[in-house]
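Model the full assembly from the supplied sequences, consistent with the hints where possible.
One line per chain: the protein sequences are A and B, in this order.
Those letters in the first sequence? Residues 0 to 71, per the working numbering, in order.
Those letters in the second sequence? Residues 816 to 886, per the working numbering, in order.
Pairs of lysine to aspartate or glutamate residues, derived as EDC-like cross-links and limited to a Cα-Cα distance of at most 16 Å, are as follows:
#	chain 1	residue 1	chain 2	residue 2
1	B	K836	A	E19
2	B	K836	B	E861
3	B	K844	B	E861
4	B	K844	B	E828
5	B	K844	B	E857
6	B	K844	B	E860
7	A	K54	A	E25
8	B	K844	B	E824
9	A	K54	B	E840
10	B	K825	B	D849
11	B	K825	B	E850
12	A	K21	B	D837
13	A	K9	A	D34
14	B	K836	A	D64
15	B	K825	A	E57
16	B	K836	A	E25
17	A	K3	A	D34
18	B	K867	B	E840
None of these hints come from the bench; they were simulated from the model.
If you're wondering where the values come from, they're calculated on a predicted model, not measured in any experiment.
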Amino acid sequence: MSLKPLNSLKESLSNRVIVELKGGREFRGTLDGYDVHMNLVLRQAEEFMNGELVKRTEVTIVRGDNVIYISP
Amino acid sequence: MVMPQNLLEKSLERVVNIHLKDGREITGKLTGYDEYMNMVLESAEEDRNGEKRRLGTLILRGNNVVSITPI
Numbered sequence: 000m001s002l003k004p005l006n007s008l009k010e011s012l013s014n015r016v017i018v019e020l021k022g023g024r025e026f027r028g029t030l031d032g033y034d035v036h037m038n039l040v041l042r043q044a045e046e047f048m049n050g051e052l053v054k055r056t057e058v059t060i061v062r063g064d065n066v067i068y069i070s071p
Numbered sequence: 816m817v818m819p820q821n822l823l824e825k826s827l828e829r830v831v832n833i834h835l836k837d838g839r840e841i842t843g844k845l846t847g848y849d850e851y852m853n854m855v856l857e858s859a860e861e862d863r864n865g866e867k868r869r870l871g872t873l874i875l876r877g878n879n880v881v882s883i884t885p886i
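Below, the structure written as structure tokens:
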């Protein structure tokens, strides 16, 4: 039985993750939830644009189709 | 765990800030959404690299969305 990506994501719930997005965007935050589209809920998120911190937010929804990778 | 759609439900009637794929930002009151993440916004404003525009009521197609932050 292989490790399925969404099950692997479950292991990261409540942990800090790095989410790399298309277009040079990156979020770092605590993974609070996700769904089958890989839409994410991130708490205490920091948003980076081309490596530069642009914003801190309490909670943010990231739409799954922008995700390149999620790193625990 | 908070599923993304549940957080959207909780954000109804609140002001949200939405990042779009082309770099635009939209701010407005969320009055509706569906399973595609299409949204209805009221008193919406568009910010395109600092160039602001009032749009009023807006139906936003979900496929353009990068992130949504309730504020």
